[in-house]
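**Q** Please arrange chain X on chain S, whose structure you already have, making use of the hints.
So the sequence lines, in the order shown, correspond to chains S and X. Counting from 1, one number per residue, gives the positions in the first sequence under the working numbering. Counting from 1, one number per residue, gives the positions in the second sequence under the working numbering.
Hints listed in this document are in silico derivations from the structure and should not be mistaken for laboratory results. Watch out, some of these pointers could steer you wrong.
Claimed, not checked - Okay, derived cross-link-like pairs now, EDC-like style, lysine to aspartate or glutamate, Cα gap no bigger than 20 Å in a straight line:
hint	chain 1	residue 1	chain 2	residue 2
1	S	K26	S	E5
2	S	K94	X	E59
3	X	K102	S	E53
4	S	K70	S	E5
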Amino acid sequence: SQQGEEDPQALSIQEGENATMNCSYKTSINNLQWYRQNSGRGLVHLILIRSNEREKHSGRLRVTLDTSKKSSSLLITASRAADTASYFCATDAKGAQKLVFGQGTRLTINP
Amino acid sequence: NAGVTQTPKFRVLKTGQSMTLLCAQDMNHEYMYWYRQDPGMGLRLIHYSVGEGTTAKGEVPDGYNVSRLKKQNFLLGLESAAPSQTSVYFCASSSHRGDNEKLFFGSGTQLSVL
Numbered sequence: 001s002q003q004g005e006e007d008p009q010a011l012s013i014q015e016g017e018n019a020t021m022n023c024s025y026k027t028s029i030n031n032l033q034w035y036r037q038n039s040g041r042g043l044v045h046l047i048l049i050r051s052n053e054r055e056k057h058s059g060r061l062r063v064t065l066d067t068s069k070k071s072s073s074l075l076i077t078a079s080r081a082a083d084t085a086s087y088f089c090a091t092d093a094k095g096a097q098k099l100v101f102g103q104g105t106r107l108t109i110n111p
Numbered sequence: 001n002a003g004v005t006q007t008p009k010f011r012v013l014k015t016g017q018s019m020t021l022l023c024a025q026d027m028n029h030e031y032m033y034w035y036r037q038d039p040g041m042g043l044r045l046i047h048y049s050v051g052e053g054t055t056a057k058g059e060v061p062d063g064y065n066v067s068r069l070k071k072q073n074f075l076l077g078l079e080s081a082a083p084s085q086t087s088v089y090f091c092a093s094s095s096h097r098g099d100n101e102k103l104f105f106g107s108g109t110q111l112s113v114l
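Same shape as in the complex, but just chain S (with noise of 0.2 Å):
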């Protein structure tokens, strides 16, 4: 059973605007991930945000985490053709030994 769920699972916007994604997930977690997947790639790590972090940036990614809600987002300001890709999240459980990954929001830059 798959601890994230990212929404929406396609997402298509033109070059220059904002792209947000969302992940929910269902038990306590250690910390957050958002992964990037190119297609016939494997996946690349984008940013990390702990259980006790409301808000975290990396350039142009912007990424938010409430727990009461147990969830997630995930922003790319200034969208660029190069972002086209699918976004997984991955939740680290508390007491888990591995990290769970969602089934991503594939994600369409139009130029």
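**A** Relative to chain S, chain X alone:
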């Protein structure tokens, strides 16, 4: 610095054949993982290892075996391949568990079982 390397990149098997996927990492990481990725299913953990000589089952271990004889290598074996094992397999590694865990992934192995 190669990171995580998977071999082979592509493979086609007939039902019942066996094969081994090799994962090698050069970052001296303790933890290694094998995931499979299927359309609409995200990544599911098959087996993992928390150190040389150790292995443990993940979410979908049936039909697979693993070995971690050397710290840098993590092998995934299919003893008798089935069409349901057609998937893309990813190996990953991390330095340790805890708040700073971050996975490094290989580029994947696309396996088709006919």
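**Q** Let me make sure I understand: some of the numbered hints might not hold for this structure. Which ones are they, in numerical order?
**A** none
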